[in-house]
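**Q** Sequence:
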Amino acid sequence: LLFEKELQLGGNSAKASSGMNATYSELQKEKNIDDNSQSFYEDTYKSSNTLSKYTKELIHELAYNSNDAIKFLSKYGIIFNDIKILGGHSAPRTHRNSDTIHVGSQIISYLVEHILKSKDIKVFTNSKVNELIFSNEEIIGLKYNDNKIIYSDAVVIATGGFGANNQMIKHY
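Position 34 (the sequence shown) corresponds to 34 in this note's numbering; numbering is contiguous.
Simulated from the structure, these hints should not be mistaken for laboratory data. Just so you know, even glycine gets a beta-carbon here, dropped at the ideal spot from N, CA and C. A portion of the hints provided could be inaccurate.
Stated by the list, open to error - Below are the SDA-like pairs computed for lysine to any residue, each with C-alpha atoms no more than 20 Å apart in a straight line:
#1 LYS5 with LEU111
#2 LYS5 with LYS148
#3 LYS31 with LYS84
#4 LYS31 with ILE85
#5 LYS71 with VAL112
#6 LYS5 with ILE150
#7 LYS84 with GLU30
#8 LYS122 with GLU30
#9 LYS128 with GLN167
#10 LYS5 with GLU131
#11 LYS117 with LEU7
#12 LYS15 with THR100
#13 LYS84 with ILE70
#14 LYS122 with THR100
#15 LYS15 with VAL112
#16 LYS84 with GLN38
What the hints assert, rightly or not - Here are the in silico distance ranges between beta carbons for each label pair:
#17 SER118 with TYR151: 20 to 26 Å
#18 VAL123 with GLU30: 22 to 28 Å
#19 LEU7 with GLU42: 26 to 32 Å
#20 LYS29 with ASP146: 48 to 54 Å
#21 ASN166 with LYS71: 34 to 40 Å
#22 LYS56 with ASN166: 20 to 26 Å
#23 ASP99 with TYR54: 35 to 41 Å
All chains, please: the whole structure from these sequences, using the hints.
**A** Structure representation (structure tokens):
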């Protein structure tokens with residue numbers, strides 16, 4: 001189940017123009033770019049401004065598994081044929097497609113096409129998640145559109161919408 005508070009899928013990610021950061025990619029190898037996951041980790045940690053108890057662990061996951069995201073997206077036809085160095089990076093690691101200005105729009109449109117064709121994914125648009133449901137400090141479901149409830153073995157929050165909800169940030 002995928003919940004989207006807006007009328008269509010994509011959110012702010014569809015507006016992203018820089019690209020996807022990754023190390024050890026085929027493109028980096030082709031261009032003889034000397035980069036590694038530890039440098040990616042250090043660059044990201046230096047620029048982070050949220051030092052929760054999970055910061056280091058989450059940045060580690062991002063940096064050390066970044067090429068998996070490139071491989072995943074490539075399976076869905078997304079082409080990364082250009083690589084740039086951006087602010088805060090110690091090496092070129094921002095992957096993009098040189099044929100498009102907005103990498104995010106390309107990624108989102110390809111993924112939305114797949115999601116909408118999938119029989120395994122049900123999409124709820126215009127559906128705002130209002131509350132997480134707990135049992136013994138474990139999330140067991142969610143409440144959306146103020147009174148509808150879904151119970152689940154797992155809940156993943158994509159923080160774009162969560163990050164814009166100050167009440168939820170304070171609460172959780």
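**Q** So, for every hint listed, does it hold in this structure?
**A** Checked hints:
no., hint, result
1, LYS5 with LEU111, "18 Å, holds"
2, LYS5 with LYS148, "14 Å, holds"
3, LYS31 with LYS84, "11 Å, holds"
4, LYS31 with ILE85, "13 Å, holds"
5, LYS71 with VAL112, "17 Å, holds"
6, LYS5 with ILE150, "15 Å, holds"
7, LYS84 with GLU30, "14 Å, holds"
8, LYS122 with GLU30, "39 Å, violated"
9, LYS128 with GLN167, "14 Å, holds"
10, LYS5 with GLU131, "13 Å, holds"
11, LYS117 with LEU7, "18 Å, holds"
12, LYS15 with THR100, "12 Å, holds"
13, LYS84 with ILE70, "15 Å, holds"
14, LYS122 with THR100, "29 Å, violated"
15, LYS15 with VAL112, "14 Å, holds"
16, LYS84 with GLN38, "18 Å, holds"
17, SER118 with TYR151: 20 to 26 Å, "22 Å, holds"
18, VAL123 with GLU30: 22 to 28 Å, "36 Å, violated"
19, LEU7 with GLU42: 26 to 32 Å, "40 Å, violated"
20, LYS29 with ASP146: 48 to 54 Å, "51 Å, holds"
21, ASN166 with LYS71: 34 to 40 Å, "36 Å, holds"
22, LYS56 with ASN166: 20 to 26 Å, "25 Å, holds"
23, ASP99 with TYR54: 35 to 41 Å, "37 Å, holds"
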